[in-house]
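Residue-level listing of the chains:
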Amino acid sequence: MKSVVKQEVLALNGDEAVAYAAKQSDVDVVAAYPITPQTIIVERFSEYVANGEVETQFVCTESEHSALTACLAASVTGARAFTASASAGLALMHEMLFVTSGCRAPVVMAIANRALSAPLNIHGDHSDTMAQRDSGWIQIYVENAQEAYDSVIQAFKIAENPEVLLPAIVGLDGFTLSHTLENVHVLPDDVVRKFIGVRQFITVINHEGKAVPFRLDPENPTTMGPIALPNYYFEFKRQQEEAMRNALKVISQVNDEYAEISGRKYGDGLLEPYHIGDAEIGIVCLGSTAGTVKSVVDELRAKGVKAGLLRMRTFRPFPVKGVVEALENVKAIAVMDRSMSFGGNGGPVFQEVRNALYDSQKRPQIVNYIYGLGGRDTNPTQIHGIFKDLQRIIEKGRVENLVNFVGLRE
Amino acid sequence: MEMFTEWKFTAKDIAEKPDLFLSGHRACAGCGPATVLRLIMKAIRGPTILTNATGCMEVVSSIYPYTSWALPWLHTAFENAAANASGIEAAIKILKKKGRIKYEHVDVIALAGDGGTYDIGIQALSGAVERGHDFLFVLYDNEAYMNTGIQRSGGTPLGASTTTSPAGTVIPGKLEHKKPIADIMVAHEMPYVATASPYYWRDLITKVRRGLEVDGPAFLHVFAPCPRGWRSDQAKSIELSRLAVETCVFPLWEAINGEYQLSTPSKVLALSPEKKKPVKEYLQVQGRFRHLFTPKYAKMLEEIQRIIDERWQRLLKKCGITQPAAKKE
Chain R
568 MKSVVKQEVL
578 ALNGDEAVAY
588 AAKQSDVDVV
598 AAYPITPQTI
608 IVERFSEYVA
618 NGEVETQFVC
628 TESEHSALTA
638 CLAASVTGAR
648 AFTASASAGL
658 ALMHEMLFVT
668 SGCRAPVVMA
678 IANRALSAPL
688 NIHGDHSDTM
698 AQRDSGWIQI
708 YVENAQEAYD
718 SVIQAFKIAE
728 NPEVLLPAIV
738 GLDGFTLSHT
748 LENVHVLPDD
758 VVRKFIGVRQ
768 FITVINHEGK
778 AVPFRLDPEN
788 PTTMGPIALP
798 NYYFEFKRQQ
808 EEAMRNALKV
818 ISQVNDEYAE
828 ISGRKYGDGL
838 LEPYHIGDAE
848 IGIVCLGSTA
858 GTVKSVVDEL
868 RAKGVKAGLL
878 RMRTFRPFPV
888 KGVVEALENV
898 KAIAVMDRSM
908 SFGGNGGPVF
918 QEVRNALYDS
928 QKRPQIVNYI
938 YGLGGRDTNP
948 TQIHGIFKDL
958 QRIIEKGRVE
968 NLVNFVGLRE
Chain S
351 MEMFTEWKFT
361 AKDIAEKPDL
371 FLSGHRACAG
381 CGPATVLRLI
391 MKAIRGPTIL
401 TNATGCMEVV
411 SSIYPYTSWA
421 LPWLHTAFEN
431 AAANASGIEA
441 AIKILKKKGR
451 IKYEHVDVIA
461 LAGDGGTYDI
471 GIQALSGAVE
481 RGHDFLFVLY
491 DNEAYMNTGI
501 QRSGGTPLGA
511 STTTSPAGTV
521 IPGKLEHKKP
531 IADIMVAHEM
541 PYVATASPYY
551 WRDLITKVRR
561 GLEVDGPAFL
571 HVFAPCPRGW
581 RSDQAKSIEL
591 SRLAVETCVF
601 PLWEAINGEY
611 QLSTPSKVLA
621 LSPEKKKPVK
631 EYLQVQGRFR
641 HLFTPKYAKM
651 LEEIQRIIDE
661 RWQRLLKKCG
671 ITQPAAKKE
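Just so you know, the sequences run in chain order R and S.
Residue numbering for the first sequence follows my numbering, beginning at 568 and increasing consecutively.
Residue numbering for the second sequence follows my numbering, beginning at 351 and increasing consecutively.
No lab work stands behind these hints: they were computed from the structure.
Treat the hints with caution; some may be incorrect.
[Stated by the list, open to error] With a straight-line Cα cutoff of 30 Å, these simulated BS3-like cross-link-like pairs (lysine-lysine) come out:
{"id": "1", "chain 1": "S", "residue 1": "LYS649", "chain 2": "S", "residue 2": "LYS625"}
{"id": "2", "chain 1": "S", "residue 1": "LYS529", "chain 2": "R", "residue 2": "LYS777"}
{"id": "3", "chain 1": "R", "residue 1": "LYS777", "chain 2": "S", "residue 2": "LYS649"}
{"id": "4", "chain 1": "S", "residue 1": "LYS627", "chain 2": "S", "residue 2": "LYS667"}
{"id": "5", "chain 1": "R", "residue 1": "LYS777", "chain 2": "S", "residue 2": "LYS447"}
{"id": "6", "chain 1": "R", "residue 1": "LYS861", "chain 2": "R", "residue 2": "LYS898"}
{"id": "7", "chain 1": "S", "residue 1": "LYS443", "chain 2": "S", "residue 2": "LYS529"}
{"id": "8", "chain 1": "R", "residue 1": "LYS761", "chain 2": "S", "residue 2": "LYS446"}
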């Protein structure tokens with residue numbers, strides 16, 4: 568069924584695209600706190616509230632910790648809740664990220680990815696969300712403002728799916744995406760509303776043995792966020808892992824359903840391959856850098872070099888199967904990490920991609936590049952350099968430096 | 351003129367009202383906070399959602415798969431009971447507007463101990479009150495971090511021995527004063543602030559109801575003895591909660607739109623100062639103050655009496671009361 572809707576084109580930066588998507592998503596509660604480079608999201612949303620363009624309770628909390636808390640509490644009360652943050656703000660939320668996923672509250676949060684202090688730096692990298700890797704949130708990284716818009720809408724539908732019921736982060740690179748104006752195709756309001764639908768609630772058995780909706784409801788009391796001792800805690804965590812597995816499927820489904828109305832599709836929703844199928848040398852990366860890599864791939868392909876890209880759109884849940892299928896026939900792979908795992912064996916994306924390939928019979932050569940920390944620019948020349956390195960690795964048949972730094976003064 | 355609905359009730363009415371904080375919880379024998387919660391629940395007037403900060407009461411009441419809560423109840427973390435309440439209240443407002451819930455009104459109550467209020471919870475509390483959310487915040491004050499094993503908090507009184515302010519050979523327990531938390535809340539210019547003590551159960555229940563009725567944020571500071579932490583007799587928790595009022599250690603008052611007024615049990619003492627008991631009577635029945643009754647730390651005992659008197663005089667001034675006999679005790 569092809570029924571792509573006619574869409575308006577708006578000039579929006581990444582933050583504005585996120586705010587616009589949230590506006591169309593019939594969000595009940597937004598609780599937020601300002602932080603660069605996220606602030607434009609809540610500023611725009613405040614304007615929608617001030618002008619009566621949304622039916623949303625906007626709560627300007629006194630901290631990010633309270634912002635996420637209020638979203639979580641609103642969510643378990645039955646509201647659709649949204650917030651946005653970055654860097655130190657996300658770090659301050661750390662405790663509540665685990666509580667939100669543990670309470671199975673489908674809160675959606677946009678993160679304008681930014682470096683962490685010290686030294687203080689307001690510019691883009693992935694340190695903030697990578698540090699929250701194990702907090703039980705779905706993590707989607709976008710390449711441009713259009714995808715930021717599309718992904719926020721999709722995130723509500725994914726998070727609220729009864730098979731999932733997990734909170735979701737949509738990460739957009741600070742400044743590179745958050746503050747850069749692009750043409751963004753937007754769907755009509757009613758189409759977005761219909762696509763996401765009204766929030767539905769699963770049924771649980773409460774302490775009285777009564778089947779009740781999974782929300783705080785005076786007529787159907789439930790105890791939410793209890794203490795679970797060693798005899799039950801583990802099962803709660805296992806269920807969260809199950810939900811993450813389910814999310815792999817749901818993210819792909821939602822990506823397909825969204826393509827039907829919008830005409831836009833991001834790979835299978837988890838991974839976006841770009842000339843990776845027959846590639847000999849390939850790069851894996853997240854976020855806006857993929858745009859730069861794509862243009863370099865185009866240049867190399869024009870010269871007959873078999874270069875490719877695998878853009879990881881979904882980092883949590885990690886699409887192991889897709890990664891192996893896409894990469895095992897590539898001879899040499901460079902994984903680009905825009906964050907560091909200090910003292911670790913490479914950056915977080917590298918560790919996981921390499922881990923996934925362990926079981927492959929083919930075990931391609933694989934190397935890690937840490938890049939762009941604190942907003943340092945990553946240009947096409949550097950990407951060309953990485954592809955050249957990969958060619959050398961193929962020639963030599965081995966990786967000399969497992970972890971490398973791009974564009975760094977040494 | 352009448353800000354609150356008149357509500358007359360007898361002890362029988364209260365006893366017959368079904369419990370919403372159910373038995374079977376794991377609180378210690380003689381637990382003040384557990385009694386306080388049971389009384390608070392007697393003031394519930396309609397659809398209500400509760401949220402609880404991490405602490406003794408959260409832990410003893412919600413051990414999965416059991417619960418003591420016959421009402422919808424949410425716990426998320428330690429420092430954020432007021433932020434929970436903000437989110438619940440915001441959700442209720444908008445869901446009602448959109449016709450997605452049927453309740454005309456839902457009362458929201460946040461419960462927290464002294465740690466979750468004076469210390470780690472004060473930021474979220476201050477923020478939620480400043481934003482004007484319509485909720486009642488109940489502080490059950492047992493004057494230390496009891497859940498983790500009796501560590502001093504901003505609500506621990508001067509001279510009390512706790513596991514992090516132990517009475518030693520050179521230090522006589524906690525050296526700092528109890529933070530005047532209820533006054534700090536009054537300074538937020540919120541519509542309703544009150545103090546209560548479970549011995550005066552009628553006063554307590556009435557104040558909970560008032561806190562629910564008021565439009566906007568309300569704060570109730572409830573005295574809640576902890577026999578484990580205070581090293582007091584399990585059978586004397588209610589007696590202690592009477593002594594605290596009679597010695598003016600914990601005066602009962604309300605501040606309605608910032609106007610202070612003494613509640614009857616304390617007003618009696620203001621009008622008949624001879625009825626005011628010396629603080630010593632309250633301190634000597636608690637092991638946490640035992641060291642103050644040794645000659646070495648006797649000075650501290652005087653200091654505590656002086657501070658309690660000073661605070662009492664300041665309160666009387668705020669209430670516009672000039673004592674008939676301005677005799678020094």
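Enumerate the violated hints, using their earlier numbering and listing them in ascending order. 2, 3, 7
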